[in-house]
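K.L.:
Sequence:
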Amino acid sequence: MSVVTVLFLCPDCLAQLFVNNNYVYVADKYLYVKQDVNLQSTGNIYLRNESQLLQGTAGNSTNQGTGTLAVFQEGTVNNFAYNYWCSPVGVASAGIGNNSFGITILNRPTSLTTSSPATMLPSSSLDGSTTNSSLSIAPRWIFKFLSSSLYSQWFSVGASSTILPGEGFTMKGSSGTDTAFSENAIANNPGSKQRYDFRGKPNDGNITINVATGMRTLTGNPYPCAIDLKAFLVSATNSTGIAYFWEQDKTVNSHYIASYRGGNGTYSPMGGPVVGSYGNMGIYTPAVFYAYDGAGTQLAATGSGSNYERRFSPVGQGFMIEGSATGTVIMTNNVRVYQKEGAGNYSQFERQSSSTPNNGPTNFLPAIPSVSGFDYTTVSTAAIPQIRFNTLLNNEAVRQSVLAFLPSATDGVDFAMDAKSPDPANTMDMYFVINNGEYIIEAIDFDINKRIPIGFKNPTPANFKIAVGEIINFDGTENVYIHDKELDIYHNIKNMAYEMELPAGTNNTRYEITFVNSALGVVLVSTDGFDLIQNNASQTLTVSNPKSIDLKSVSMYDITGKLIFSKTKLGIKNNYQFSTSGISDAVYIVKILTANNEEFGKKVTVYNGK
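In terms of the working numbering, the sequence shown is residues 1 to 610.
Hints listed in this document are in silico derivations from the structure and should not be mistaken for laboratory results. Careful: at least some of the hints might be erroneous.
SDA-like, lysine to any residue: derived pairs with alpha carbons at most 20 Å apart [claimed, not checked]:
| # | residue 1 | residue 2 |
| --- | --- | --- |
| 1 | K420 | L406 |
| 2 | K450 | V468 |
| 3 | K485 | I472 |
Take the sequences, apply the hints, and build the full model.
P.N.:
Below you can see the structure in the form of structure tokens.
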């Protein structure tokens, strides 16, 4: 790993990095400045080929100067779809400190050091576009979302420079292509991947993000370098410690809300202050795409998103956080790292990447330069022990939920571990139920006898199919069941989906995930001297008669009273066995009639996988 250290010393230059009448060009390296940066009007820093700037300032930024730092980042959508962004720079000024951002300082690269300003279209224009000589942006689609919960609370920014440091914003991409300039053989825009040159004063130091209880705020990575998202979230008091990422069906080419198809993926860092380390990569679950009406209300599920690596957030990446209290969340330079973008580096800007993995020793991260000095070679890249459940929602989309196993987790809500449903307003979903809340990632300390409540909701009668999608680094149980508590039936979903038809409404009490089938081989002991054993593995019902009572008959009925079978003239034996192989899965009542006409009844559960 290479580092560029530049220090200009002159009587009038008190900044640690002072650039005047010149520029610093950094390619495929990182530049570390311990304190502040002063860029004079003709002084510039060019970060190219994944280069990044790290600063060690403690406290608020003291960067200054009308010169600019320039860093590239590419979007991932066309002119119809959104990316979530967070700018690494603000408007350049002679004053000290971070400045606000506006899209007017975005540029189209023309060479490694030159760019031309993007054209701002009128507010009535819908489509940004690009050619080999121009780039236009539609300000109509620039919004921010601050401590809000409703679609109507998106705040239009347009082309104004009112986006504060640490505030995220939405921006649609551009139509067309631009192959006039390339970096690393990648064109400015080969199609739906517009490159922008962010030029301005580099953000630095403490970034304050306002939050409110139960409300979400669009924020993101505010620095001209990658950040350790896990390190940020586990220190983000006043938040839930979870990040949400917008994903969208990019085949839908429409500006009408009623045509949108999208949703939020969820990243849990899987560890808070109680854990005391950053020793895992966290867990991400893909988005469920929903349809929307003209007012932005979520309707039916329509599809599913992709899986991404989220431990490190690249330059410009935006995401949502949710407040757990009203106040502020502070991001500091301690979360800044030098990590190139790509799936192999656990850092993706809302897309799959073919970047070559930056592998260190087997199953551990390599050394990663950071402001905090944290030793990343102690971080295991092995996935956290987990079970991933796939639930097909009315044959339209798959909700993936994750049950993770960590010794430090509790059965309640754990900060920076348990993740709420990313789309709380949706009307069709499956989730874990924790303290009456809806969660799609739950961490527990594994115990084979634990029962994990799950819930379903649907606005109209709907079909759900649930199965284990994947078991990762976990061998604590042979089987995984969904238990229907109402019928007392266990369905093994480890290798086969369980299908159910549910009436309209919310059901948070009927179903649970278990690791033990209590109906298998369970002995029902009664005070009348008989034991009933329903062995579903061997498909037999055994009536134990230790007192050698003379039996007249043994009969089985379903819960409606229908006779399933009746065996008579049994005589006196210690045990009686009856086959249940041809019987459907259900709860049944077994009645025993003695020769003295005494009758005893017990419930049994038959499960033959039918």
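K.L.:
Give me the numbers of the hints this structure contradicts, sorted from smallest to largest.
P.N.:
Number 3 only.
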